[in-house]
Amino acid sequence: RKEVEQDPGPFNVPEGATVAFNCTYSNSASQSFFWYRQDCRKEPKLLMSVYSSGNEDGRFTAQLNRASQYISLLIRDSKLSDSATYLCVVNDAFSGGYNKLIFGAGTRLAVHP
Amino acid sequence: DVKVTQSSRYLVKRTGEKVFLECVQDMDHENMFWYRQDPGLGLRLIYFSYDVKMKEKGDIPEGYSVSREKKERFSLILESASTNQTSMYLCASSFAGGENTIYFGEGSWLTVV
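As given, the protein sequences belong to chains C and X, one line each in that order. Going by the working numbering, the first residue of the first sequence is number 1, and it counts up by one from there. Going by the working numbering, the first residue of the second sequence is number 114, and it counts up by one from there.
Simulated from the structure, these hints should not be mistaken for lab results. Each residue gets a CB set at the ideal place from its N, CA and C atoms; glycine is no exception. Worth double-checking, as some hints may not be accurate.
[Unchecked claim] Derived lysine to any residue pairs resembling SDA-like cross-links, with alpha carbons at most 20 Å apart: (1) X/Lys131 <-> X/Leu191; (2) C/Lys100 <-> X/Met167; (3) C/Lys45 <-> X/Lys131; (4) C/Lys100 <-> X/Lys170.
[What the hints assert, rightly or not] Interface residues of chain X toward chain C, partial, derived using beta-carbon atoms under 8 Å: (5) Leu124; (6) Val125; (7) Leu154; (8) Gly155; (9) Ile173; (10) Gly176; (11) Ser180; (12) Leu203; (13) Phe217; (14) Gly218; (15) Glu219; (16) Gly220.
[Claimed, not checked] Now the stretches of chain C that chain X is said to cover, found in silico as 3 or more residues with beta-carbon under 8 Å: (17) 17-29; (18) 101-110.
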């Protein structure tokens with residue numbers, strides 16, 4: 001089983017639609033969680049951190065369910081510029097005091113007019 | 114503004130050649146990382162460093178080595194390039210501690226023929 005699993009998509013949605021991505025992780029001791037956005041042939045960039053209480057940033061809402069080891073990202077009122085690959089990222093702590101980010105393979109979103 | 118610079122964006126090398134990928138960050142970050150990204154596999158950690166002259170193996174270190182002689186510079190070395198090392202290589206950096214955002218360079222596209 002992969003450590004972080006995502007539906008690869010693609011999700012093809014019209015402008016204005018609401019779309020949700022899910023992600024599951026295998027290590028119940030994982031400490032922190034993030035969504036990154038990656039445009040085609042570009043580097044990943046932090047979209048938002050995911051907090052236990054859930055958090056919102058404009059049209060984007062992230063949720064964490066530790067019991068089910070599940071993270072979600074909701075995008076409301078999709079824009080053409082939201083077209084990208086969304087990476088689910090989990091931060092695992094290791095002995096020795098360092099942390100390790102584990103990336104999902106990404107979910108591709110294509111928003112069309 | 115945060116800056117992680119990878120000096121070579123596109124390289125074509127022959128099998129057996131020694132390849133150097135250079136990365137420089139200007140944020141005084143303690144941690145630096147090298148990942149490779151392949152379709153369907155997501156980002157996989159090759160090596161990371163949490164201090165000058167310190168290095169730790171990631172998930173896929175075989176065939177690679179690294180060097181960190183100065184805090185701002187982290188080099189990835191392919192001692193003898195092989196075709197299965199054709200990939201996009203991403204350098205990243207962050208402050209120490211798991212909650213800190215990781216910043217990526219623009220990526221180096223390496224083709225080994």
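Right, here's what the structure says about each hint:
{"no.": "1", "hint": "X/Lys131 <-> X/Leu191", "verdict": "6 Å, holds"}
{"no.": "2", "hint": "C/Lys100 <-> X/Met167", "verdict": "16 Å, holds"}
{"no.": "3", "hint": "C/Lys45 <-> X/Lys131", "verdict": "30 Å, violated"}
{"no.": "4", "hint": "C/Lys100 <-> X/Lys170", "verdict": "11 Å, holds"}
{"no.": "5", "hint": "Leu124", "verdict": "15 Å, violated"}
{"no.": "6", "hint": "Val125", "verdict": "16 Å, violated"}
{"no.": "7", "hint": "Leu154", "verdict": "6 Å, holds"}
{"no.": "8", "hint": "Gly155", "verdict": "4 Å, holds"}
{"no.": "9", "hint": "Ile173", "verdict": "13 Å, violated"}
{"no.": "10", "hint": "Gly176", "verdict": "20 Å, violated"}
{"no.": "11", "hint": "Ser180", "verdict": "19 Å, violated"}
{"no.": "12", "hint": "Leu203", "verdict": "6 Å, holds"}
{"no.": "13", "hint": "Phe217", "verdict": "4 Å, holds"}
{"no.": "14", "hint": "Gly218", "verdict": "6 Å, holds"}
{"no.": "15", "hint": "Glu219", "verdict": "5 Å, holds"}
{"no.": "16", "hint": "Gly220", "verdict": "5 Å, holds"}
{"no.": "17", "hint": "17-29", "verdict": "violated (count 0)"}
{"no.": "18", "hint": "101-110", "verdict": "holds (count 5)"}
In the structure shown, a violation is registered for the earlier hints numbered 3, 5, 6, 9, 10, 11 and 17, in ascending order.
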